[in-house]
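With the hints as a guide, bring the two chains together.
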Amino acid sequence: GDSVTQMEGPVTLSEEAFLTINCTYTATGYPSLFWYVQYPGEGLQLLLKATKADDKGSNKGFEATYRKETTSFHLEKGSVQVSDSAVYFCALTIKAAGNKLTFGGGTRVLVKP
Amino acid sequence: EAQVTQNPRYLITVTGKKLTVTCSQNMNHEYMSWYRQDPGLGLRQIYYSMNVEVTDKGDVPEGYKVSRKEKRNFPLILESPSPNQTSLYFCASSRESNEKLFFGSGTQLSVL
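Residue numbers (the working numbering), protein chains in the order written: chain A, 1 to 113; chain B, 1001 to 1112.
Just so you know, not all the hints are guaranteed correct.
As the list claims (entries may be wrong) - Straight-line Cα separation of at most 25 Å, DSS-like style, residue types lysine-lysine; simulated pairs:
(1) B:Lys1100 to A:Lys95
(2) B:Lys1065 to A:Lys60
(3) B:Lys1100 to A:Lys60
(4) B:Lys1100 to A:Lys68
(5) B:Lys1071 to A:Lys52
(6) B:Lys1017 to A:Lys100
(7) A:Lys52 to B:Lys1069
(8) A:Lys95 to B:Lys1065
(9) B:Lys1057 to A:Lys100
(10) B:Lys1017 to A:Lys95
(11) B:Lys1065 to A:Lys68
(12) A:Lys56 to B:Lys1100
(13) B:Lys1018 to A:Lys95
(14) A:Lys112 to A:Lys68
For the record, the hints were derived by calculation from the structure and aren't laboratory data.
It should be emphasised that the depicted structure is a prediction, and the values quoted were computed from it without experimental measurement.
So that you can see chain B by itself, here it is in the shape it has in the complex (with noise of 0.2 Å):
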């Protein structure tokens, strides 16, 4: 079954403790990106990743990091989590960027 699998489900942390989201596809997509949701204001993009070793910023990537080592793996990195980061964490795919994105069932994170 083509899927976007991440994980954990649910985190729960304290402040300034490094975590990892892991995200991985079976898709053979080239395209990955990860999101945030908060309340009114949508999903908003951290970073995107075009292909293997290809990463760029999104539109809120302070306090993330990420990496794209293999194509089906890109794992978002909270080297100190803060408070603010407290949200609903997406990964998603596609083919090319400009196509259909596949989603995971998302990360709800809360930082303590």
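Chain A extracted, bound-state conformation (with noise of 0.2 Å):
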């Protein structure tokens, strides 16, 4: 089935350094990705997608690229700030498969000052 992996937290770093948050997916078909963040104690929100490979999708200073050939979605920042501690979840759809959105596990970031 759908799956998506993406690397375990908590991750901590220090204010303006630079986040990556490794996502990859395994499709059956081809799948729309999308990015979710959750601030503590709220319900997720979309942070950004993409729906075909080579997409960027952009968002608050974060971006992920939709790679195809390596099944990836990484989120990157270039420089968080406190305000960016919260959990991030990649997930997919296929629009195909009756619509399912399939999430990671999720990816606590804490960003200290």
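Structure below.
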């Protein structure tokens, strides 16, 4: 079946450090890829998405590029802030498979001042 | 304000006592879904609904029921809760199933 694997956390960084969260997927069809973010005590919010190969999603300084050849969608940010502390989820959905959204296990990021 | 509202926010109950978690969205979305979030397992889909009167099982449907009688509401029903259903539950909706999901604030359920 379809699955998403992302690096385990927690990831602890200092402010202004570079952040990378790895995400790889296996899918039976052609997926759309997403990154969601969950701030403490809240529900998930869409951070960015990409719907086809080589698309780059970006938002709030975060970027991720849909790499079909490596089945990856790594999340990056060049200079993190304390307010970026959250849990980040990589996810995919396949329209032909009933559009079920499959999530990775989540990566907790803690940014220290 | 566009939102997904689920209630209650916190619920403690005992094994076997039927409960319902309500979910309502005001965005006229067709797609709605329920997830449970457990440490180390991420979010797993329980049930989803593509439209009114259309529901289908997700990855972990056992022990749960849903209904979609109206477009805006998608309640989650636990007929006989058990301790392994202790979890954080999220309702979500979107205009179509492969578009941005809007999440509720979550329901923390504890079954004793």
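Practice problem: Starting from the hint list further up, note which numbers the structure goes against and sort them upward. | Solution: Hints 2, 5, 6, 7, 10, 11, 13, 14 are the ones this structure does not satisfy, whereas the remaining hints hold.
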